[in-house]
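Residue numbers (my numbering), protein chains in the order written: chain A, 1 to 416; chain B, 1 to 401.
The set of hints was computed from the structure by calculation and includes no laboratory data.
In silico DSBU-like pairs for lysine-lysine, Cα to Cα no more than 35 Å straight-line:
(1) Lys-79(B) <-> Lys-393(B)
(2) Lys-329(A) <-> Lys-107(B)
(3) Lys-93(B) <-> Lys-79(B)
(4) Lys-163(B) <-> Lys-323(A)
(5) Lys-60(B) <-> Lys-93(B)
(6) Lys-60(B) <-> Lys-393(B)
(7) Lys-79(B) <-> Lys-120(B)
(8) Lys-371(B) <-> Lys-79(B)
(9) Lys-329(A) <-> Lys-163(B)
Being a predicted model, the structure only gives us computed values, none of them experimental.
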Amino acid sequence: MTAPFGDAAASPSKLGVPPVPALSQCRIVELAETPSGEYCGKLLSDFGAEVIKIEIPGSGSPTRSLGPLASSGGHPERSGLFAYLNTNKKSVALDLSTASGTATLSLLLDQADAVIDDHPPGWLKGVGLDPGTLEAGRPGLVLCSITDFGQEPLDDRRHAEDLTVFHGSGWGYHTPGGGDDTQPPLNGPGRFLPSYEAGLEAALCVAAALYDRASSQTGRFIDISKQAVLASRLDYVLGQLVAGDMDVSPRRGVFDLRGPAGIFACRDGYVYVWLSEPVHWQALGRLLGGPDWMRPFPDRWLERECTAERVAECRRGIAAWLKDQARDKVVEDAQRLGLTLAPLNAPDDLLMSPQYLFRAYFAEVTHPVLGTAMYPTVPYRMSASPARIDAPAPLLGQHTEAGFAALSGNNREDRP
Amino acid sequence: MTIGPRGGPLQGVRVVEFSKVWAGPFAGKLLAFLGAEVIKVESRGALDVSRIYGVGDVDKAPGFRAVNPQKLGVQIDVKTKEGVALVLDLLGKSDVLIENLRPGAMKRLGLDYETVRAVKPDIIYVSMSMYGEEGPLSDQTGYAPCFAAFSGVSRLVGPEAGKPAGMSVRYGDSTYGTTTAFAAVVALMHRRQTGIGQYIDVSAAECLTSMVGDTIMDFTLNGRVQGANGNRHPEMAPHGVYPCRDGEWLSLAVSSDRAWRALALAMDRPDLAEHPQFRNLANRKAREDELDQLIAAWTTSRDAGDLAALLQAHGIAAAKSLSSVDLVADPQLWARGLFPEVPDRDSGTRPIVGPSWRMSRGAAITAGAPKLGEHTDYVLGEILGLSPEAQQKLADGGITR
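The whole structure should be built from the sequences, with the hints applied where relevant.
Okay, here's the thing in structure tokens:
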């Protein structure tokens, strides 16, 4: 149905051997039902891991009701979010609130290498997977839990959504860059940035734990905190702040860099202009045709004499020129002249980006309800074990029967 | 000198890093935190430029120290033939190479994939670049806000109307580095199964597009181009950041009708709890401006931390928006152990930003960032097995330090 990510043109095989899915030996049970754990599972299933998604019979994962919903009809299987986050997975409907449900889960776990969960702390114990007794009970299992603040949240961190985690991590207060202190700090892009970041971190840890397990036969409990993930993404500044190398301050602009770099409006869109060195300044001069306002600036002002007045004047000059220019033409000219300038792209721009097309970043996937559409794939092109979408997200309970049948008398060699 | 085993799932894996500034070093740092031995190759003439940002002493650059803990540093001049030969010897005893130099730089050094593979056939060779190593934009370079702009991230941050504001200039490199580390570990899994290494080509721009993948789906399924929406959320209301006393801010998200009733009670407004105009999400979305004004009027003279505690006690998702002052003192992050102390040659110990994760049998976090060439002796002697005389000869020739 779909081509492997990265066709021959985009990713010439540097090895001359047929690709083998990197994680085809791994079976993962996904108990997660929010974007963080589902994204983690997807990162692994797109590398060939068998990811068995456990869903509540009847309604399934709550992400099945989250948008973007395909506009037509009221079909329960029309969530584009679920379709995106669950490619290549299998759906087994199982009611974990019943004793027989958890007993069946236990049988599935006997054949699993790893488990991904994203329920609140304490939930796992209720389905028979107490992290505290994992080592004794299931020493070979990799169990990864993703929560908002980790397994031991303080009393004032028990309830969270991605917005509040974003603000509880240090990112929110300093977003947007160069913001106006009288306006509220803002959320990050989209609805789920903290979830995706945590899902990525979880996938890294699970992959590393599976790597070790392949030789040691021992599993691990992994505790992922969205807050800690986001805070750690700030290490370049947070490391300096915590070591006392940089002053802390209630200022909103603490993370900002000096200088005139920023977002500017063109006639038909926006661009980001980076300016930090003389070479950028010279390239800007060539792009703008050497306007009078640039002449009084010292050659090395960006590095050495970057005053607030000069920054303001520079921004005025760039803004006045760019507002009448066509975005794509400016981008093309800037790239040629060596000015570091990038367009603020929207999805429609990206779908047509020659670079993204070259790398086959989008892949066509056919889903039984949503039909055929382009899906974002992965940012890494791998010569020997490319990620690929072989199957669309499962319908609710699509693999329940096969999953249960496999439990009777199955051994691991029987796997397809 | 020997480097003691630190444990962790990647113990026994050796990574050689040719990297600079943030994204490449971040990828190496995560692998080191997972237990890999990560060796950063530098020389006076080819420094990680973050060693010279803001300071004269290359061993004390704060940004460099923040992103490079738990690594080893070797000084080898890769602009000499002997230096390249030495690096190839080291790569012959390594598992992973990570580089984020300018496009083409590794080839000019004579350290491209084909050359490295000739000495280490199963090497996992990871190249990082802004748009990928090949394709129409592959010669372009840039910094995080540039690939954030290109990726679709920047235009999704901003007020509901008007000019997009973009993320903090700091966003992007670490996400890109994490993605790279993940791909490298997956390749290790693959190598364990098949015995073969591979070449990995990571695009920074695509890494960030992946962080807003569902907005792409909205376009490809529905033709809808989402824009910035301030602090709002299509499936929750209220969902915002509200002014508090002393210039502080409170973030708050109400994800259910029950949470809304709890919020009304926390605000001491039982009349709002059952008010038909706010009863369900559709009602609240329709009157979101009014709702935000009501909440802001309640928060504006109160303490953000007190409000967060009050709302949490009522079961509502709320958090103070943490300034840098709050962040370095955050009791949750300290309780989790995010800031382990490592030995410091000047002050005894020094806190670093450690791994975000906690895991059973994780790697011990024992060291800060290396001084330039701090582990040259270890690499030449212990790993490469060079005699003291051979090491001295390399040093005399200016190849190593």
